[in-house]
Each structure stands twice: as structure tokens, then as C-alpha cells.
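Now that you have both chains on their own, put them together as the hints suggest.
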Amino acid sequence: MLTKRIIPCLDIKNGRTVKGVNFVDLRDAGDPVELAKIYAETGADELVFLDISATEERRRTLADLVLRVAEKVNIPFTVGGGISSIEDVDILLQNGADKVSINSSAVKNPQLINDLAGKFGSQCVVVAIDAKQIDGEWIVHLVGGKVPTELNLFDWAKEVEQRGAGEILFTSMDNDGTKDGFADEALYKLSTELNIPIIASGGAGNVQHFIDTFVYGKSDAALAASVFHFKEIEIKDLKEALQEKGIPVRL
Amino acid sequence: MKIVIINYGAGNIQSIKFAIQRLGYEAVLSDNVEEIKAADKVIFPGVGEASSAMKKLRESGLDKLVPTLKQPVFGICLGMQLMCNSSEEGNTVGLGIFNVDVIKFSNRVKVPQIGWNQITNLKSNLFKEIAEKEYIYLVHSFYAPLCKETIAEAEYDISYSAALQKDNFYGTQFHPEKSSSVGEKILKNFLEIV
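Heads up: the protein sequence lines correspond to chains A and B, in order. Numbered according to the working numbering, the first sequence spans residues 423 to 673. Numbered according to the working numbering, the second sequence spans residues 18 to 211.
It should be emphasised that the hints constitute simulated quantities derived from the structure, not laboratory data. Careful: at least some of the hints might be erroneous.
[Stated by the list, open to error] When the alpha-carbon atoms are kept at most 16 Å apart in a straight line, the in silico EDC-like pairs for lysine to aspartate or glutamate are as follows: (1) K127/B with E615/A; (2) K165/B with E149/B; (3) K145/B with E201/B; (4) K494/A with D537/A; (5) K81/B with E43/B; (6) K611/A with E583/A; (7) K494/A with E201/B; (8) K127/B with E456/A; (9) K140/B with D184/B; (10) K667/A with D634/A; (11) K494/A with E43/B; (12) K121/B with D174/B; (13) K459/A with E201/B; (14) K81/B with E51/B; (15) K19/B with E76/B.
This is chain B alone, in the form it adopts within the complex (with noise of 0.2 Å):
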């Protein structure tokens, strides 16, 4: 199996390559359209500020390449939240993969939210064998509401997409690769999507 990481300098991408290789599986680092359309999974990382990354997208090119992909891809953190409508971190406009605009939490709460916090209505195969209210590992100030391509839900202030699907678009707020054995079933999931 051909795992591609897009890389296109946003994110801790040597902490999901790590996470694939203790899963028994390589992936490479990519920012090549004809080696990322070959692959069969595709893995979009991100950390950091929505607007830079999306500028980083849209000077390679791959802005244009994501949405078109046919293969399994894996948003995960900024990777997810740049998959969609918008966002309000630097008033940018996303991929439009997923139909939600993401927006920040409210100062009720303390912003980021760092630590782990529990997944629950769980929707996809993604989730195969795991169970409800299991702990993640989430990093962010911005989220992305409720919508029809929920697939999880966590709450911190109100509840919202803790992951998203559609199609074969899978995208997650939280980080597998940092979310002990459950994050690493997770990710293993989704390589083993047929």
C-alpha cells in the first residue's frame, strides 16, 4: 500500500509518520500531484494558522489537487478544518470539501483547548471497534460546528465536529497520532479502508 503525507511545510508531520510506521505501514512525504493522485491513502496534516496554510496550498498548486483526489484522504487538525467552507482564523476560505464554516470558541472557555477530551455519536468506519466516550487528544481555538457530515462529536463549551466525513473525505479535529492506543486504532482504521 502507497501512503502519502502531503507536505507542504504545515505541521508535525514526522510525529503521523512515526504513528503509520509503529502500524506496521510507510508512508512518504509528498507535495508531487502525480504521486499523491497515485497513492492509496492520503494523509492532509496541518498545525498552525489557516490562512498561511492555505496560502501555502494555493502557491503549490494543491488547493486545486485536494478536492479532486479519489482516493481515502485524512484530514487531521488544521488539515480537517482547511477541508472546509472557511474559516475564521485569518478570514480565509477553505477547500470546500466539507459543508461547515469553522469559527472560534467562545471566551466562555479557555482558548485553546488543549488536552483530551471524549468522542461520542459515533458515525463511520473510522470508528470500527471503538467505543463511545473514548479519550482524544485535541489542540485548537477554532472549530467546526455541527453539521450533516458529523461523524463524531465532542463537547468543550458547546458540541461539535470532533470528525467529519463525506465521501471519501475523512477528517478529524483531534490528533490519532498523539492519542495513544485508540488515536493509533484510529489512523489504522482508515489505512485499512478498502
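Chain A on its own, in the form it takes in the complex (with noise of 0.2 Å):
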């Protein structure tokens, strides 16, 4: 049976992870490879690094953080940030990443979604919508939040998956860092809605969020930083307490 992912998110910037992890068997917390060999063993399903630098660099930065992080890791990984053409892609998955994520780039030239799709696969095209609630209504964002774009979420969502997106990773800018749970009203309608998977992420803070978002939910995957990275939940525990509740999961 398929089982439902969990999905640490690691924020790089210049090769190294951002703040906020405590992890104090780590001889270097700032490197993300080691973190991520961590995470690898103690059961993570998949990982993904999201790029936030912004330096003239950045490219070949990742694309080495890619290279190193595919030698030392042995579960499948997305890389995301400032993706914007085809040739980014085609040297991220050559170094070894297994998946990419557009966000704004996709927004802001749609065809992308289609040209990547065709030259790479659905299967390692994942858009991440960034998404709040405007007067009742699901209205995408950009720049994390900050710029409301004219696209409703259930439509871009749509299109995005017509266009040959694999996943959609959704990211409720509402929920975001409130630890008050995922946005589980809106994933159920991503979820029933479309016919590929549903990544949520944004709003966790303990384990029965998890278990509301695949239970309510209906996502397929559930993706979180703090919680992991701070060691207020362990996967393992939280994998046991989703099995109890007889959700599927790689234990």
C-alpha cells in the first residue's frame, strides 16, 4: 500500500541551512548534508531544501549543495527557490536532485510548467502555491506571502496540473508558522479535486495535525521544518501514532 510521506523542509541559504535547528548530535547544524543524513535515518520519507539566497552565486551554490547532498543521502529529495528556466532544472537533476519546485517563476510564465514537464517528466516537476484567504476566498501569493497575485488557488491549482505538474506542495500562508495545524478544508478540495498528489504544508505543531491532514485532509503528504528541526516531534514517534490511528506509513 502507498504510504503517506513526511517531508522535512530544510531552508538553505549560501550552502548552509538557515537557523532554527537544534541539533545537538550534529557536529556542524549548518550543513545541510549532514542534516539531511540525519533526517534520511530516522525516518524521513523525502526531503526538501528550499533556496532562499539571493546572491550572484546562487546557482552554482546549489547546484554543488545538490551534488553533495545526492552522494551522501539515500532517499529521494526536492530542491526549490528561484527556479526559473530550463536550464536550472537540467543541472539540478543532473547533479542528482530527484524532484524540482517552481513557485513564482511558474506564476509568472505558466508555460514553464508545460516545457519543463515535457523535457524532464511530471514526475520531478512539483509547483508549490503559496496561498491566503482574501474575504473568504484562497487567493495565490508570491514572495512568500507578501504580493497577492489575481489567481484563486482551486483554478491555478487546476491549471497547473493540466499543464503536467507531478505534485502540488500548498503552503497556507495562514497557517504558516501559527503551529495551529494545516489548512485541511483546503487540501480535501485540492485533494478531491485533482488526480495527482497533494503535499501540505504550513501550521504544524504536534502530532494530531498530522493526523488531521491525511484523516481530513485527504494530502498526501504532510511537509514541516520547525517541529523537526527543534526536536518537538520525533518522526519516528509521530509514525507510530499515524500507524495507531491506521493511517499508512513507512515504519
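And the structure:
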């Protein structure tokens, strides 16, 4: 049986893990490769690296990091952040990334989704969507939720699927950072109206939130950062709790 | 031992190369017929779309070579699918090593299947010391139905071939190089076939 996936997300700046990581047993918690290895060994199903650096060398630093991760880590990983062209994706996949995640560049140039799916296959194209509710309507936002677009979340998600995305990573900006749980109503709608996997992101605070997003949100995977980085939730404990509720997980 | 990964411009070969390296072996990438023929073990990778991958194989003449290889050959993901008779993806003929036609998952399930699933009914030395129901990582929209050459099954909507074997030809729909320690053991089993 296909299992629900638990995905830690690592924020990367200039090839290093950004703040907010509390792993006492790591020699260098700033090294994304060390952290990734620990997560792979402790039951993470997949990893997401989100690059937030804005330097000129960004592309090369990220490509180098992907190569180092692929060398040491034996589970799949996705890379996102500032990816906007076929050339960007080509080097990341060649260096060993399994999937890439695109966000703003897809909104600005939706054809990019078709181009990437055509050249590399849908299976490696994740479209990340950040959205929040304005007057009761879910509106897609850019730049980490700062800039609203004209796009309705559900319309955009359907368009993204039609253009060939293999997966959607949906972050609710209303829930992100609150630790009050995932946006399960919106996730349920996405998951039942679309026929590609949906990754829930934003709002994870405790084990019950993961149970809820799989049971009520019908999410295929759940992504979180701080609850894992600060060891508020151990992945193994989380998966055991999910299994007790009858949710299929890899243990 | 000489391990060659067939390089025909389709797929995530870096990860396979690294996984082999983690097992203490070295693999070289090659599209050279003589070098591939001379290898002890051949890995046939593949990610992407079937008909365009077949086109690349034909352009390099490797479509003729692969079915004639005598050493153990391991097709991974799309590599395995291309070793079948045909694929519904882009309506392409395959290499005809495995006598089965690759078809698309129905709309009753989400497509692609992405994630960790279990393998059962394990039947080959490829799965030496691998327990039933171990988890492996898969990403695919098309599958090989169960057939005479099925050596492992997975279930997604229906039961289908998670792995195939015919003589010296092995194939897995899953990615051993991404399937944690279980995948590494399967890859090791292949490399140690005598």
C-alpha cells in the first residue's frame, strides 16, 4: 500500500542551513548534508531543500549542494527556490535532485510547467503554491506570501495539473508559523478535485495536526520544518502515532 | 568488477552512480558499445518519457545492443519499462526483453504514484535477504501488469509488477538508489550476482 509521506523542509542560504535548527548531536548543524543524513536515517520519507539566497553565485552554490546531498543521502529529495528556466532544472537533476519545485516562475510564466514536464517528465515537476484567504477566497501569493496575485488557488491548481505538474506543494500563509494545524479544508478540496498528489505545508505544531491533514485534509504528504528541526516531534514517534490511527506509513 | 551505467541522455544517473559508490564499488557512464559489452554488470537507467527515451536509444544504436547483452543487466524505472514489449506512453515499441506491455494507471488513483510502497511475492536472487512487505520508493504513471516474468509485486489500484526478471535481465519499477537501506541491499544483491 502506498504510504503517506513525512517531509522535513530545510531552508538553505548560501549553501548552509538557515537558523532554527537544534540538533545537538550534529557536528555542524549548518551543514545541510549532515542534517539530511540524520533525517534519512531517522525515518523521513523525502526531503525538500528550499534555497532562499539571493547572491550572484546562487545557482552554482545550489548545484554544488545538490551534488553533495545526492552523494550521501539515500532517499529522494526536491530542490526549490529561484528556479526559473530549463537550464536551472537540467543542472539540478543532472547533479542528482529527484524533483524540482517552482513557484513564482510558474505564475509569471505558466508555459514553464509544460516545458519542464515535456523535457524531464511530470514526475520531477513540483509546483509550490502559497495562498491565503482574502474575504473568504483563497488567493495565490508570491514572494513568501507578501504579494497577492489575481489567481484563485483552486483554479491555479487545476491549471497547474493540466499543464503537467506531477505534484502540488500547497502552503497556507494563514497557517504557516501558527502551529495551529494545516489548512485541511482547502487541502481536502485540492486533494479531491485534482488527481495528482498534494503535499500539505504550513501550520504543523503537534502530532494531531498530521493525523488531521491525512484523515480530513486527504493530503498525500505533509511537510514541516521547525517541529522537526527543534525536535518537538520525532519522526519515528509521529509515524507510530499515525500507524495507530490506521494511516499507512513506512516504519 | 567493471560496472557500466548506460548513458543515453535519459535520467538521473548521478544518484545511481553515488549509490553504487556508497556500496564500495565504482561505476562508469558509457554509451560505447564495446565498453558496455565488456562490463561485468550493466545498469540501464531511465527517467522521463518513454517514446523520447526510445528515440534516444535508437539514435545511438543501443536499442540493438541491450537485448543481446549476456552479463547481468539491471533496468531501473523507465529503464525497466523500455525493456518490455511496448509502452502506452507515447505509444512506443520497447526492447522486447520482457513479454509484457506497459500501460497507464487508471484515474481511480492519483497519477503519478509518488512515494513508498511495499513489495511482495519476492521471487529472485535480487531479493536475497529482503523481507516481504519491505518499503521501496516509486515515481511512475505507467506500469507493467503482472506476468510470467514478475519477481515482485506492488499494489496501487491493482497488483502490478514491481520487478521483472528474464534470464540475465532484471528490472525494477522502483528506484533502489532512493529506497534507503532496503534499496541499497537490492542494488548490492545485483552487483554480487555471479
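Against the structure shown, which of the earlier numbered hints fail to hold, in ascending order? 2, 4, 5, 8, 15
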